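First to last, the sequence lines map onto chains A and B.
Start counting the first sequence at 1; every next residue gets the next number (this note's numbering).
Start counting the second sequence at 1; every next residue gets the next number (this note's numbering).
It is worth saying that the hints were derived from the structure and are not from the lab.
Any given hint might turn out to be false.
Each pair may be met inside one copy or between any two copies, as identical chains are not told apart.
List of simulated lysine-lysine pairs, DSS-like, C-alpha gap at most 25 Å [claimed, not checked]:
| # | residue 1 | residue 2 |
| --- | --- | --- |
| 1 | LYS28 | LYS143 |
| 2 | LYS143 | LYS102 |
| 3 | LYS117 | LYS4 |
| 4 | LYS28 | LYS102 |
| 5 | LYS136 | LYS77 |
| 6 | LYS110 | LYS136 |
| 7 | LYS78 | LYS110 |
| 8 | LYS78 | LYS52 |
| 9 | LYS4 | LYS102 |
| 10 | LYS78 | LYS137 |
| 11 | LYS28 | LYS78 |
| 12 | LYS99 | LYS78 |
| 13 | LYS143 | LYS99 |
| 14 | LYS74 | LYS28 |
| 15 | LYS117 | LYS52 |
| 16 | LYS110 | LYS4 |
| 17 | LYS99 | LYS136 |
| 18 | LYS99 | LYS4 |
| 19 | LYS4 | LYS136 |
| 20 | LYS4 | LYS143 |
| 21 | LYS137 | LYS4 |
| 22 | LYS78 | LYS143 |
| 23 | LYS74 | LYS102 |
| 24 | LYS137 | LYS102 |
Every value quoted in this text rests on a predicted model; they were computed, and no experiment measured them.
Each chain is listed here by its residues.
Number of protein chains: 2
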Amino acid sequence: MNEKLNEINRLLVEVYDDVNRIEEFSIKQGAFSDISITEIHTIEAVGLYGSKTMSEIASQLEITMGTLTIAIDKLIKKGYVERRRSDTDRRIVNVCLTKRGKLAYRIHEKFHMDMVKAIMSDFSHEEEEVLLVALKKLNQHLKEIYMNGPKK
Amino acid sequence: MNEKLNEINRLLVEVYDDVNRIEEFSIKQGAFSDISITEIHTIEAVGLYGSKTMSEIASQLEITMGTLTIAIDKLIKKGYVERRRSDTDRRIVNVCLTKRGKLAYRIHEKFHMDMVKAIMSDFSHEEEEVLLVALKKLNQHLKEIYMNGPKK
DNA sequence: AATATATATTTTGATTATCAAAATATTTGG
DNA sequence: CCAAATATTTTGATAATCAAAATATATATT
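Please construct the entire structure, taking both the sequences and the accompanying hints into account.
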């Protein structure tokens, strides 16, 4: 019994590490080698459509606004995002993607889709369904653990 | 079709982020709040039994030896590992866990097991089997992507 | 309206994790 | 014995992060 848990744990850890490495690798190789994974995630959080405030982005990424300010400064320098003060409330800063930022977003999105496609191509339709259900449960459970603390 | 891929992708990303947060949280709350996730992973790489050389640990963690030197310095200060020069080849440094290091290792291992147990408790025996197979395939696939580059 | 309080963001000062390249110490092959 | 190889550490740099202080603006209260 414990043996199976052990194997699942090992597989999860390996999958986790691999995803990390592959994502890192795909960025370093691609057309946008001047940005890091962290920066791609910031670009993702800004989103394709319209603009978001600093607080919105920071809370979505679960980082402080201080950290975000620096991240956005750098992304502006590199030409991926724009910063604009709101006209209606001049405390608020609106951030949106530039053309280049949107392109980076789309390419990263495609990378993710290709990865998932590659993974799924091995599965039968039935297995696919089970995996979907399993992932939902897994996700649900992790959220619960996160809410209530990991104590057993 | 694309819709399902999208959902699987979203679930995978969420699971990934949750695991990260939960692991972080579990360390910060527990008996070893003076070490980070990175440090726990270094402790894991040193391993419970015997000792490992700096090169072995660095290559396992895929970090440079310079980075590892600093990490080990800090873990020694905090009392989790010991450094000893080999008697047979005085260039080589052997690192092993202290009592405290071993305890941290075991507690982190238990955390992982508890998490997997919590996840699996929701699954029927059949689902469990499918998940195991799915994880194996997923893992296999990721390794292939990693080897051949993520280009489709 | 004037002032106090609240809100949104940036700045400051610090820490951790990381790398590449240079330096050091030791071993091994000729 | 010396040159080359090997194992590690040191150095100098950068990225990502936080908490707390500072700044700017809006809102509420008297």
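Hint by hint, here is what the structure shows:
1. LYS28 <-> LYS143: Intra 31 Å, inter 18 Å, cutoff 25 Å: inter-copy only.
2. LYS143 <-> LYS102: So LYS143 and LYS102 fail the 25 Å test inside a copy (30 Å) and across (29 Å) alike.
3. LYS117 <-> LYS4: between (27 Å within a copy, 10 Å between copies)
4. LYS28 <-> LYS102: within (18 Å within a copy, 36 Å between copies)
5. LYS136 <-> LYS77: neither (39 Å within a copy, 43 Å between copies)
6. LYS110 <-> LYS136: both (22 Å within a copy, 24 Å between copies)
7. LYS78 <-> LYS110: Only inside one copy: LYS78 and LYS110 sit 22 Å apart there, 44 Å across copies, limit 25 Å.
8. LYS78 <-> LYS52: For LYS78 and LYS52, only the intra-copy Cα distance (19 Å) is at most 25 Å; the inter-copy one is 42 Å.
9. LYS4 <-> LYS102: The answer is between: 23 Å across copies meets 25 Å, while 43 Å in one copy does not.
10. LYS78 <-> LYS137: neither (40 Å within a copy, 39 Å between copies)
11. LYS28 <-> LYS78: within (15 Å within a copy, 35 Å between copies)
12. LYS99 <-> LYS78: within (12 Å within a copy, 48 Å between copies)
13. LYS143 <-> LYS99: The answer is neither: 35 Å in one copy and 33 Å across copies each exceed 25 Å.
14. LYS74 <-> LYS28: Classified as within; 17 Å inside a copy, 30 Å across copies.
15. LYS117 <-> LYS52: neither (30 Å within a copy, 39 Å between copies)
16. LYS110 <-> LYS4: between (34 Å within a copy, 15 Å between copies)
17. LYS99 <-> LYS136: neither (34 Å within a copy, 39 Å between copies)
18. LYS99 <-> LYS4: neither (48 Å within a copy, 28 Å between copies)
19. LYS4 <-> LYS136: both (21 Å within a copy, 12 Å between copies)
20. LYS4 <-> LYS143: For LYS4 and LYS143, both the intra-copy (23 Å) and inter-copy (21 Å) Cα distances are at most 25 Å.
21. LYS137 <-> LYS4: Both: 18 Å inside a chain and 16 Å across chains, each within 25 Å.
22. LYS78 <-> LYS143: neither (35 Å within a copy, 32 Å between copies)
23. LYS74 <-> LYS102: within (16 Å within a copy, 41 Å between copies)
24. LYS137 <-> LYS102: neither (33 Å within a copy, 33 Å between copies)
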